[in-house]
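S.K.: Add chains B and C to chain A, keeping to what the hints say.
Chains as they are written, first to last, in numbering that gives the first Met the number 0: chain A, 0 to 146; chain B, 0 to 810; chain C, 0 to 268.
Just so you know, these hints were derived from the structure itself, not from any lab.
Worth double-checking, as some hints may not be accurate.
[Claimed, not checked] Cβ-Cβ distance ranges computed for the label pairs, FRET-style:
id: 1; chain 1: C; residue 1: Arg60; chain 2: B; residue 2: Lys804; range: 23 to 31 Å
id: 2; chain 1: B; residue 1: Phe774; chain 2: C; residue 2: Val220; range: 25 to 33 Å
id: 3; chain 1: C; residue 1: Trp19; chain 2: A; residue 2: Gly130; range: 21 to 29 Å
id: 4; chain 1: A; residue 1: Glu103; chain 2: C; residue 2: Ala204; range: 29 to 37 Å
id: 5; chain 1: A; residue 1: Arg132; chain 2: C; residue 2: Leu49; range: 24 to 32 Å
id: 6; chain 1: B; residue 1: Lys804; chain 2: C; residue 2: Val203; range: 37 to 45 Å
id: 7; chain 1: B; residue 1: Ala766; chain 2: C; residue 2: Thr223; range: 39 to 47 Å
Bear in mind the structure is a predicted one, so any value in this text is a computation, not a measurement.
Ideal Cβ positions, reconstructed from N, Cα and C, are used throughout, including at glycine.
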Amino acid sequence: MNEAALLVNFLIVGGLLFVTGMVGFLVRRNLIVMFLSAEMMLQGVSVSLIAWGRFHQDLGGQMLALFIIAIAAAEAGIALALILMLYLRSQTLDVAFWHDLREEGQPPYVDQGIPETHREEHKWPRLTPSGVRPEVDQEEQMHRSRV
Amino acid sequence: MDVSVLLLLIPALPLAASIICATLGPRVLGRYCHIPVILCLVAAFVCSFLLFLEVPRTAVPTESDRTVVYERVVPVWQWAVIRDALPQALRSDGGPVSRDLSIEISLRADAMTAMMLTMVTFISSLIAIYSSGYMHGDRGYWRFFAYLSLFVFSMTMLVSASNFLLLYVFWEAVGVCSYLLIGFWYEKPEAAAAGKKAFLVNRIGDFGFALGLFLLWTTYGTLNFHDTPVNTPGSVPVASVGADEAQPSDGDAPSATGTVRGVLSPTRIKNHDFAGGRVGLAICLLLMIGACGKSAQFPLHVWLPDAMEGPTPVSALIHAATMVTAGVYMIARCTPLLMVSPESQIVVACIGGGTALLAALIAITQYDLKRVLAYSTVSQLGYMFLGLGAGTFLGITSGMFHLFTHAFFKALLFLGAGSVMHAMGNVIDMRRFGGLRLRLPVTHATFLIGCCALAGLPPFAGFWSKDAVVASIEEKVHSLEHGEISAGGEGPAHADAGAGRSAVPSTGSANGLMANAAAIYGILFYVAMVTAFLTALYTFRAYFLTFHGPERIPEEAGHHAHESPAAMCWPLIILSIGAAVAGFALDLTYTRQPIQLFAEFLSTTPSLALGSVVGTRVPYAFHTGIAGISAAVAVAGTLLATYLYLGDSREVQWLKSTFDLENFSRWYESRQRTNWGAKPWVAAIHRGASRIGLGWLATLIGQSLLLAGFALASPLLLGNFFSPYKLSFHKFFLDELYGYIVVVPLRLAAAACYAADRWIVDGLVNACGKAALAFGSLMRSLQMGLVQFYALAMFLGVLVLIATKLMMLAG
Amino acid sequence: MSEWRDQLLQMLPGSSLLVWAVVLGGLGLWFRVALLDRPTALFSRILGLLSLVLLGFWLPRFGGWAEQVTFWLLASVAVLTAGTAISTRSPVYMAIWFALSLLATSGLFLFQNAQFIGFATITVYAGAIVVTFLFVLMLAQPEGDAPYDRVSWAWFSAPLALLAGGVLLAAMLLTFSPDGPGRPDASLGPVVPPSALATDQHHVARLGGELYSRHLIAVEVVGTVLLVAMVGAVAIVIQGKSAYVPGRQDGSRIRGRRDAPSASSGGAP
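Just chain A, same shape as in the assembly:
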């Protein structure tokens, strides 16, 4: 195997992952998505590190990748706690909601308004009604995920 060519290949994969994560971090507004993008950047770095470790026949790269995993775990714990708290306070995960760091007197800046929610009309199959309509629990209705 050509080790140098292998290194270049892996570095490029790592760079692609890093850049993709960066774009996600910069563009998306959902706090959780942003943090996952940050994890993706870490992943790209890990790929590069391991490639370099292999290139140099050294375990240091893998060590660093290991530490990255540990630090990412710690970061994820803190970040998720923070996100949860922010959500509890503002009822939204929108990062653009948190404007308090801006200069005094500046109007809050959000360039793009949120488009009106247009839910696709699902074409449910027309079936002949049979049986009775089930009782829908209101509580369940509220918390059922529409994923």
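M.R.: Here is chains B and C on its own, set in the frame of chain A:
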């Protein structure tokens, strides 16, 4: 005691007193502040008197001129040295010239200094005693005495300095003390304004003086009065050998090698090593500007009358007896400089004579007692300058003699006025009091003696000194007409050169001036006579208005209207003795062996003992004719004052209305008030004219006639404002003139500068600030508080870093 | 020492291909990311694939067919799933795509003989972290995609981010390209042929030995950090429960906030 110790003690004692008063005064000494001051001043006077006795005893005769020169210089320390201050060593005929500017603190003892020191410390001791009574109970008691002794320190240093720069420093120091003491009651707006005015007007004179010093420095390469040994390695010996060979006749001249000739040193005077021509004239005129400022001569005299806002002892000491004579002292000290430039002597004489007449004319109509005395001071200082301007030995010594006697009788008069003020509850307007001779017997008697001295009545002091001044002018006219004594040369051989060896021929205009010198001095003689008459008139006017007539006491006096305490009376008595006897005791020209003691004493001063001034020395004689004329003039003035002011006031009123052109103005006003349109014949003409359609023409003719009448009457209208009486009463409108010529344009310029500063400069600065603010607000809008925006900025920053790195790698 | 470099340089074609690849990939991502609300998924996927194919052509070959195919498969899965992850509207799908990307990445790790890291990634990342994220997501956003998931925060955010990323990537790629300024050279260190490390039977043991000898302090520190993070997370949640109303500067509200704030605060267990 040694002369050097005395010389150091004389200024040191008042300085110590001042420091004691300033530090211990407000808390410890309290109302005993006068004790250290009086003790120190009296001790200083004793020292000065010892010096005064020492000087003629130790004077040594010089061989060449058969005159006695005494000069003792006490270097205290070298204050500063600037190496190679002059771009190149000046050509000098008699010795090396150092290129260094070395500023020495050195004191000198000679006759003139001894005389001035004795006079200053004597008068100031008496005035300090007087002030302890006069200022009793004042809130700034300690402050007054601290300033007073500081002033005496500065004045003694001024007259004993042996260096033009030191002279200038203490010249300014006495100015500062004067400012502080004029504005002593600074809560009073007039006093504060007067102090400011005195200070600012003096700045003009001091500016001229400073320029004169610069010119002296660049011309002579030193500012010392005396010879200084060259001990600095940077000095350049100028080819002095040839110069010495060129002057084998000066056998007694010490070898000049190794010394720098002082500006007024005996060596230089003996060798006539003075710059003549335009440079000499410029130096003299610049020094004269300085003297004019300090001694209140014509263009710059306006500050002295206002300076009377200060406490009366201050007026007596500073603004009559001592400080204002500093200019006279300085000009007398610089006699050798003036001798090479006869034109400047004429200027000095003209300024002196003109000021004497002007101030006397103003003094006649003033009602403020102290102001009358202030104008008489200006006038008498003019006399002194007149004497100095004669440029002869007799003229200079008589000017100094007048300075000496004037110090006595003017201090006496001011202190008497202060005593009157003290009794009248600080009222000084002569219209509000009168007939005080029984209420204030001591003041009355001493004031009368002072008046006699000022008026020049024989045998009081003023008569002798004024007579000497007038006689010197007469003698100058005589000598100019007969060509016996040249204006500036040592003898007939130097008459044309006029200014010693280094002189350049005078300019054409100056020659014209010199050609008319005799006529000018002749006019000045009559000016002096008229002034003497006016002096007697206004002096006795003030005396009669104050002490004679019906007794009037203002209500401000309260129960104070009695004689002053002993501390104030005794100085008056002592001064009146001085004013009475100082003249004929020192001027013995009337005796069988005519000798003027004062001039003999002064003649050991290097400035007066050597050089061309010696050639103008004539044997002493009592000029019976001139003395008779001036005595007659003085008596006439006194008699006129007696006639006018001791009798009823009708003549005075008539004179006043005559000189005020009141009749003319009344006539003019009555004409003005006439309503021409209401006259029946005017109306008839107008009616007739309008009937034939020429009403407009009649109106036009009528208006033109009125206009013409107005134009014809305008001189009278002007006379209404500028009658002789009004001119005198309003001091020839000089203050107003200065106000419109100097103050108003300055204020306008200041307003313009303020506007420029406020709107243009500040506007630019504010615009810079606003631009930063605007840019900042632009950048502020980027701080939108979005986390992602910050992250984006960070990544873009990283991008820039990477781009830079790549560029560096590629480049 | 330099023969491998020359070899490498010969293998690398010109950089025009590279530029095209980056531009195409950027365009694809842009269509996907900046126009989250537009149905352009197919087009952008085509572009992305095209870009990857171009990149694959550009990349140097390093081994035999089997190895090459394995790498290409794993790499393209990792990159494509990552791109899909950041451009998916729903956070839940995003997490799942990301987990898939993680799986592919750990496959790449295995390909590099880093077995332990590969499995640790699967276990810790995909197994723990992503699952935790999903839990939080269910707590915080139970109704699926929110309005703010459909749009970016500014019109210039996506172009600028793509520009930054593209330039970053281009700089890295240019570094390796034949006419680039900073090719890998001897200064990178000695190149040793694949030695025992690659085929070591006791790989994990050696890793552990290294970890607990050379990096012992780092291990301790990381352990402390984990502990602190755990405590901190608990503290944040406990503190945050107390009544605190976020200070708002001007009371204006961002659109997209849920209109019924009290409904789910009660619903959060």
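S.K.: All hints, please: hold or fail.
M.R.: Evaluated hints:
1. C:Arg60 / B:Lys804: 23 to 31 Å: holds (29 Å)
2. B:Phe774 / C:Val220: 25 to 33 Å: violated (45 Å)
3. C:Trp19 / A:Gly130: 21 to 29 Å: violated (60 Å)
4. A:Glu103 / C:Ala204: 29 to 37 Å: Once the Cβ atoms are compared, 60 Å apart, the range 29 to 37 Å for alanine 204 of chain C and glutamate 103 of chain A is violated.
5. A:Arg132 / C:Leu49: 24 to 32 Å: With a Cβ separation near 50 Å, arginine 132 of chain A and leucine 49 of chain C fall outside 24 to 32 Å, so the hint is violated.
6. B:Lys804 / C:Val203: 37 to 45 Å: holds (38 Å)
7. B:Ala766 / C:Thr223: 39 to 47 Å: Violated - the Cβ-Cβ distance for alanine 766 of chain B and threonine 223 of chain C, about 57 Å, lies outside 39 to 47 Å.
The earlier numbered hints that this structure contradicts are 2, 3, 4, 5 and 7.
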